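Peer 1: Produce the complete structure using the sequences and hints provided.
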Amino acid sequence: MARPRQIRITREGFYYSLVLAAVLIGATSRQLNLLMLIGCVLLGPMILNLVYGRWATGKLTVHRRLPTSLHAGERLRVDIQLANLRRWMGLWAMRVEDQIAHLSTAQDSPARVGVFFPYLPRSSEKLSYYEGTLPHRGRYQFGPLRVSTRFPMGLVKHSLVTGEPVELLVHPKLGRLNPGWLKQIREHESGSQQMTRRGLLEADFYGLREWRPGDSRRWIHWRTSARRGSLIVQQFEQRRSQNLAILVDLWQPRNPTAKDLERVEQAVSFAATLLAELCRKPGAQLHLEVAAVESFVNAGAGSPVFLREQMDALAMVMPHERTEFPERLGHALAMIPAATPTILVTTRPVDWEALGRAAAQRETPIDGRTILEIEVHDDVFGRFYEDASPAVV
Amino acid sequence: MKPSLLRQLAHAAIALQIVLATLLIVWGEGSLLLFLLTLVLLGVSAYVTDWRQTFHLNQRGADLLALGAVAISAIAAARTDRQGLLLVVANLQSYLQYVLMFQPKNTRVYWQLSLLSLGQMAIASTLYPDPAFGIVLLLQVALGIVAFALLLLDSEFDAVRQPSAGLLSLNGGVSESHRPDQHSVGFELSYLWKSLLPLAILAALGTLILATPLFLALPRWTVSTFESTDTSPIRTVGFTDTVMLGELGGAVNNPELVMRVTFYRGRGDSAMRLVGEPLFRGTVVTRYEDRIWTQPTPSHPIPLPAEAGSTITRQRISVEPLDTAEIFHIAPAVTIDEPDSKLKLNPSTGRLFRLDEYRHRTLEFDIGTTGIRGNRQRTVLPSLQSPLNMQALLQPFDERAGAEQFPRIAALASEILSEAGIDPMRNPLQAARTLSAYFHTSGEFFYSLEAQQRDPSLDPIEDFVSENRAGHCEYFAGALVLMLRSQGIPARMVIGFKGGEWNDVGKYYQVQQLHAHAWVEALLIGNQVPLAEFAGEEVPQEAWLVLDPTEGTQDVTNLNRGGVVASIRQAIDYGRVLWINYFASLNAKRQRQGIYEPLAAGVEAGAENVTSVEVWQERLTSLEQSRLGRFWFWYRRHWFSWRGGLVAIGFSLAATALFLSLRSAWKMVRRRGWLGTMPPAVEVPVLEMYRRLEAVLAPLGLVRGSSQTAFEFALAAGGELADRTEYRRLAPLPGRVVTAFYRLRFGGHTLGKPEAEAVEQALTELERSLDGHRK
Amino acid sequence: MTTELQTLVSELENNITQVVLGKAEVVRLCIVSLLASDHVLLEDVPGVGKTLIGKALAKSISAGFSRIQFTADLLPSDITGGNVYNPQTGQFTYTRGPIFGNIILADEINRTPPRTQSALLEAMSDRQVTIDGVTHALPQPFMVIATQNPFEFEGTYPLPESQLDRFLMRIAVGYPDREDEIQVLSSHRINEPVDNLQHVLDAQQVVALQQGVRQVTVDESINGYLLDIVDATRKCEELRVGVSTRGALCLYRAAQALALVENRSFVIPDDIKRLTVPVLSHRVIAKGYLQGTHRQAMETLIGRLVDDVAVPR
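Residue numbers (numbering that gives the first Met the number 0), protein chains in the order written: chain S, 0 to 392; chain R, 0 to 774; chain H, 0 to 312.
It is worth saying that the hints were derived from the structure and are not from the lab. Any given hint might turn out to be false.
Only some residues are given here: those of chain R computed to face chain S with a beta carbon under 8 Å [unchecked claim]:
| # | residue |
| --- | --- |
| 1 | Met120 |
| 2 | Ala131 |
| 3 | Phe132 |
| 4 | Ser194 |
| 5 | Leu195 |
| 6 | Ala210 |
| 7 | Leu217 |
| 8 | Thr221 |
| 9 | Phe582 |
| 10 | Ser584 |
Simulated crosslink set (DSBU-like; lysine-lysine; CA at most 30 Å straight-line) [claimed, not checked]:
| # | chain 1 | residue 1 | chain 2 | residue 2 |
| --- | --- | --- | --- | --- |
| 11 | R | Lys752 | R | Lys666 |
| 12 | R | Lys752 | S | Lys156 |
| 13 | H | Lys234 | R | Lys193 |
Keep in mind the model is a prediction, meaning the values are calculated, not measured. Even for Gly, the Cβ is constructed at its ideal location relative to N, Cα and C.
Peer 2: This is the structure in structure tokens:
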């Protein structure tokens, strides 16, 4: 890491020094008194610049506040707080620069972004921020922060590198599911898989309570009403628990084209979007299995915590290059209750045979299950899912 | 897009720089055209190029114009001398500035404009030997700081707005997200004058404090005195070589400076003031014909004589550029130190003059004189040349025909002397004094600068003594000369300056045109020379008696003596002297004498004061003998007695009371914010314990955000501590401290002793454990 | 503040949390509202215990408790009562409606049309009802605990914003944690625990507590902080209408009450910070208002505004 404190002469400063030296040397050698005086006076701003910057960067603190969680493509706002601890004088023209590097991809140079504090009164602090979007999922490193000033004349730049670098795990980009997404998937589905008995889109039955004026008669549960002798209505909760299993086959060819890479990202984003949608209403039993370089499987009740764990995992997942169909996905079916609909997200055509074989090994035939296959490159993918529009900069 | 407000302000500051520099050049050059042109073009370019942005020079056009300017200047340079060359360069700098003014502005262009102004300042420095130059220079620095600070702010605002390159799309933010434009609310413009302006002034003062000693200390190796260049305006002296009566010279009430004279006793450095008004001798006129006094034919000029025998007074004469060569001085002039090659003396007239090539410059001479005894100017001076042309000194009374022209003068002189019973042949000294005194004592003569009605048929001096007895000094002096001559006493009229304004700040005489004066010298020969006047010296064969017949000149020349205005004026004039001595014409000699040596002496004396054993012994002795010392002596013997005990107790009580009152006074000062009003964030009394908590946690990187409450901060800090195994046990402490802090701060409670101790313990524990993390 | 008051508060709180599981914060806010002599609006999907909280609070106080189930056909007089012709005396006599209680549980308030809603809201703000020109004062203490479902449900009449600010707080109840839910299931095995709840306070004690709230000291700097926050909502570009002076006063009173609940005789910045979202978020109106996500968006926005205001120290 660079030295925490740096002084660098700027271009203006260089030329200024040249002029200064010329005046001083010329005046002294020719013994021109008033020219010497000009030279000495010219030294003033130079020294002021040297002293001010050192002094300004001497007693301050700077902090960065990152969002706790962020999805790729989501608007990022990073607050930078600069505090002037000097009790007697304000700070002018302080610039704070942050650098952001994407650690997951081999990236040439970190991006730099700066915020500017024109003036900080004595003993005060101010908040500024920069915004933008991070295009990729994965780990980003922020910092260290560099505070610098060229005040007053820009002859010398003082900078102070402060704070340790901080990492931010950026979750996969979230897309948007069209309102009737599940139905549309099913319509598109070409396989012979059997429908589940209960409609996926129905509101869940929640409980019973006495009829009150204003309740729709459609909701009266006649059987219970008959037994109790008073009108009882059913209470529903919309789309409450949606049990679902998501299998992701994250494959890319050995020499991937840009299109292939994009497809992988789309698959990850789609899985993430599905999970986020399903976790909105707690209680659903969810199951996520990803075949990748480091495959993983997670199951649990939908909750913010569960969602966060899945997002963390999806943020770091890397596509595999094995040509054969990952058996794991077939094995996974054994862990999934037969009634739970399964969505298989792949980046290549599904080898149903291989899937069937793998499932059969665990004695869990795929017949009778609801397996919805979604191939990412498929045109129809766009019918029920769309990438979020690129963030407006 | 219109330039931002910051940019407009910076533009204004740089325009002011240009105007100031041009003003200095114009002052030196004496042509107003350049200045007016600069003003007009500044206005036009600001409107057309920067504000409306309807016209600007492209790079090619600017280059062409600049080349043209250089070519014109080159032609002008070829036709001029070295002196004019500087002006040509100064003008060229102005032309280049004009070109730059019409170019689209960026920071580089502003730097160039500013540097060109600086170049003009450099040239002005050779033209303008005045402290105003220093003031303008400081002003330029302050303006430069303000201008480039504003430009820096402006460009930084721009820089953070450009999205950064790379795979990220990011926008830099601006604090409060606004640039200080007319419509902005975020950045308060009051910051500019509340904080930036004081800073610039502070910086300019700092520059002054820093640059002055540096400048004074820079090595000098030449002894040349300051020489301003010939372009300085030449001042006409208030008299001519001839004196024409009836015409008043331009001297009347002309306050223009002629010279400054400082008197030093011997070779010492302490300036002195003379009793009475000194008479600075210029030249003499002897021949009167047709209402005109003319000079005698000059003898061969000689270098200043060296005089070792008698008491020499040093006169330091700093003379402005004049159209005559005379050096006005206290006669007789002698060489002090080494002969000055720039000066020559005409022994017959006592006229001291500088060689022609030095005439038009500000020069400074150190000349000795034997003409001062004690604090008084001598009234009898030895003649420098012998024999003298007696006929010329008696003209026109050396001839009968001449004497007949001035019957009234001769009659008046004879009448005065016979009334006083003095024989002019036997006692010329008394006769001369009596005649001179007649002008003061008779009460018939009036001093007047106004032109008088004269009888055209009469000679003006005849008219002056008989009919209209009012006139200025030349009438008085002329009348006395003729009266002396009519009585056979050789005499001549001396022209020079009388008095001058005594500058009490700088201890020197400031002589202005309005101090021009004419007086009389009468010749005493042989045994007529009063011996008392030459005590301790060789008595000369011929001596001149100095007589000033003019009545009441003081009333005119020193009208404005005293008062605040006068002392301010004196201080300003002294500032000018200092400027010339220590800035404009600082040379190796003066640097050694005025700076290095006093400094070394001061350091030596200071060191001696601190280190010398004798000095300390002396001090101890005096302390012992003082009342305190005697008391201590008494106390040492009686400390065990009841009186001694009483004293000890009283002293302890007094010391405690003093300490307590000082402490409470200090607290009050702190609380009232008399040490400067703090911004609200700090104004509330942040209790010491909380400050300590923040201080101890800061090295761990734990700093309270402004929107974090103290308790949230404590919780976060506790969490952070709990995450580190070595500090885990400290985790609950911040919360404990803040709970107590809240009770004090917001509850207005006081802590019980156990609570206070618990807090203190927690803080100590934190400080001790986290000490390793402190810087 | 006497310890006696404090004991009362903690007894009340313990009593309620005994039956309302996993909702400590909501319960505390409701008590704050009670102590601040003001009303509270509980908002969430059905079945998360809104009614239960109201019932438990009411049951813990030996005072008049009424429950009004708001339906589409409820009339204003069903709430306030009205003049009824008595054929025996041949006169109209005033019959009090259910609003004449100390604790009123107004269930599903957004199911009733605006006319009926406003009858309730008027009674809430004026603490009196006027029938045929005769004013009837409501008893002391008087507190309305209203519940409502989020707007996306069918057959509702959302309360206009102008009326929402009659409530001191709007609280989202939320789902309980898993452990708490398990406990809920087991405790309901036999009967409804809330029915067995004992009184711990009487009406006089509640009034005493309410008076105690006003004794809580508020430092000048806290006032400044509070006004800074209010000011921030007024200056915020995303809001069309910021917090009114009444809102600021409510926040002030609520902070005092919270201090009392937390056994302090003074308000700390944390009180203000904690109460800002429940007290203020229903008092502002956003630009480009989206109904469905409204509550959450406002709560997030208010939270962010608070995060930008400097805390006194």
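Peer 1: For the hint on Leu217(R), just tell me whether its beta-carbon gets within less than 8 Å of chain S.
Peer 2: Holds - the Cβ of Leu217(R) comes within 8 Å of chain S, reaching about 6 Å at its closest.
Peer 1: For the restraint on Ala131(R), tell me whether the closest CB of chain S is nearer than 8 Å.
Peer 2: Check failed: Cβ of Ala131(R) comes no nearer than 12 Å to chain S, outside 8 Å.
Peer 1: Do the numbers back the hint for Ser584(R), that is, is its least Cβ distance to chain S under 8 Å?
Peer 2: holds, 7 Å
Peer 1: Closer than 8 Å between Cβ atoms is the bar; does Thr221(R) clear it against chain S? Give me holds or violated.
Peer 2: holds, 5 Å
Peer 1: Sort out whether Lys156(S) lies within 30 Å of Lys752(R), counting only the CA atoms.
Peer 2: violated, 52 Å
Peer 1: Does Leu195(R) pass the interface check with chain S, least Cβ-Cβ distance below 8 Å?
Peer 2: For Leu195(R), the interface hint holds, since the closest Cβ of chain S sits about 7 Å away, which is under 8 Å.
Peer 1: Under 8 Å is the threshold here; is the Cβ of Phe132(R) close enough to any Cβ of chain S for the hint to stand?
Peer 2: holds, 7 Å
Peer 1: Holds or violated: the hint that Ser194(R) contacts chain S, with Cβ atoms closer than 8 Å.
Peer 2: Where the cut-off is 8 Å and the nearest Cβ of chain S is about 5 Å from Ser194(R), the hint holds.
Peer 1: Does Phe582(R) meet its interface restraint, that is, does its C-beta lie within less than 8 Å of any C-beta in chain S?
Peer 2: holds, 6 Å
Peer 1: With 8 Å as the cut and Cβ atoms as the points, is Ala210(R) at the interface with chain S?
Peer 2: Ala210(R) check passes; min Cβ-Cβ to chain S is 4 Å, inside 8 Å.
Peer 1: Holds or violated: are the alpha carbons of Lys752(R) and Lys666(R) at most 30 Å from each other?
Peer 2: holds, 23 Å
Peer 1: Is the interface hint for Met120(R) satisfied, with its Cβ closer than 8 Å to some Cβ of chain S?
Peer 2: holds, 6 Å
The structure does not agree with the numbered hints 2 and 12 stated previously, though it agrees with the rest.
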